[in-house]
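Under the numbering used here, the first residue of the sequence shown carries the number 140, and numbering increases by one thereafter.
Keep in mind that the hints are not guaranteed to be accurate.
Calculated pairs, DSBU-like style, for lysine-lysine (alpha carbon to alpha carbon, straight line, at most 35 Å) [to be verified]: (1) Lys516 - Lys594; (2) Lys603 - Lys258; (3) Lys516 - Lys603; (4) Lys594 - Lys258.
Label-pair distances were calculated between CB atoms; the ranges are [said to hold, decoys possible]: (5) Leu629 - Ala593: 35 to 41 Å; (6) Ser513 - Ile442: 29 to 35 Å; (7) Val287 - Phe427: 26 to 32 Å; (8) Leu311 - Phe427: 39 to 45 Å; (9) Ser518 - Glu290: 21 to 27 Å; (10) Thr322 - Ala169: 40 to 46 Å; (11) Ser426 - Thr312: 42 to 48 Å; (12) Gly305 - Thr455: 42 to 48 Å; (13) Leu561 - Gln384: 44 to 50 Å; (14) Asp422 - Ser518: 36 to 42 Å; (15) Asn626 - Ala169: 17 to 23 Å.
Source of the hints: derived by calculation from the structure; they are not laboratory data. In this text, all values refer to a predicted model and were calculated from it rather than measured experimentally. Note that beta-carbon positions come from the ideal geometry of N, C-alpha and C, so glycine has one too.
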Amino acid sequence: MLADLVIAPTVLAMHAPVLLVIAPLLVGAATVLAPSGRFAWYMAVATSAFCLWMGISLAMEVSQNGVVSYHMGGWAPPRGIEFRIDALNSLAVVIISFMGLMSAIYAQPAVEREIRIEKRPMFYTAYQTCLAGLLGIVLTGDAFNLFVFLEISSIATYVLVALGAGRDRRALTASFNYLILGTIGATFFVIGVGFLYAATGTLNMADMARIMEADSLHHSRVVQAGFGFIVVGLGLKAAMFPLHQWLPPAYAHAPSFVTVFLSSTATKAAFYALARFMFSVFDPTFSFLEPVFLYVLAPLAAIAMLACSFQAVFQTDVRRILAYSSVAQVGYMLLGLATGTAAGLTAGMFHMANHALMKGALFMAVGAAALNASVWKVSHFNGAAARAPLTFTGLAVAGFSLMGVPLTAGFLSKWKLLEATLAEGWWWAAVVIGISSFLALFYVGRIMQAAFFAKAEEGAPEIKEAPFVVLLPLWLLAGLNIVFGLNPSLPLGMAEAGARAVLGVDLNISGGAQ
């Protein structure tokens, strides 16, 4: 599919892994000196486009040659730090870099409205630093290096959320809560890495896996404790139920660009890291993992899908509706991982990619509606589709995908998850998926009913059609929800290749292991 395409010069392609991190860090540092917010935006868009270029080039290299290993400073692993890219994380790299570019294009009018003029260069610096950290998380093959990138992205995220205080003072509280819980999550993660280092003597994740397998260390209480700490730490970063309490206020009170960017990238990077540890560093066949998957992770995923969908139904703030929906969707992804199978991993990664597209589009549409007035309540959207038809049609397309309507990407990833769970005999999971999707019909339907069928109240805030710079990324994402609903071969093929690379199990596109 990608193997015969070459889009980057050889010298750039050779160093694509490190350029994906170095470019946004260096350009981000220079952006703080930008003479204006508009110039800083140009720099951020250029960096994001370069990262997408390098990400696609790297994915093509993996498609051609398998695993790509980049040794920092010429030191071979496990002594040196390694960026290791296979089919599993090449999907995550493409998703994060693509959504980074879409978010950056969208940012300009939103940032001009919500961020004070003197802080805009710093805002775009924080964005590029966060992008570098997220890409580092999904590229690195070193566990401690992953912790470093986790902290880089997290610190930048706290700044991005807090900069929304110029519009909404509650952003400071949301940022502080995020800081406290994020620090706890990072601490749990690094303690878990410390346990694994004590047991294996290495920080290279591939080497960890090899030593644990060769020495049967999965029976070690130290290794098992390390697994627990890592799952809690990364679970908190991924907003896994019940560790998600930071997410609704952060999404609701952050600048609208930040909400678009974080909802489509940050939790995805943490989810990828969780999948990497569960399926690469550890092995689903380890005896202690089966009860953890079956009696801990699967029930937590199911509760998230039901409880958070139920909470979303009763929210009045559109941003909080979509925030609780995001936690429910993390439950879908986690349910795929909890099966411990190649089909489940494929479904989880496929839904991760689709959720980035649908939730990015939804938050873009909501933010676009608020460009001229602070319209965050469902009732504020009454009759909005008549005044901004392109904006709200894009919202409707993404909303249908979130509900799982046939011919959308969201339907196909839920279907793959249904196949993976039924293959394990988990009939109850099919019921949970059905109920959660039915609840999505209610909470997304409330927004669409207000926009398309209700009449605007007299004196209601004025909603106007979004400018082209907002409609372009919004409709690209909405269109991809339809394109991948009709032909999912690209994201599904990459997800299947990832499962194949990690577990060595061949899959076909219609589902099931061969």
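Q: Please flag the earlier hints that this structure goes against, numbers listed from lowest up.
A: 4, 9, 10, 12, 13, 14, 15
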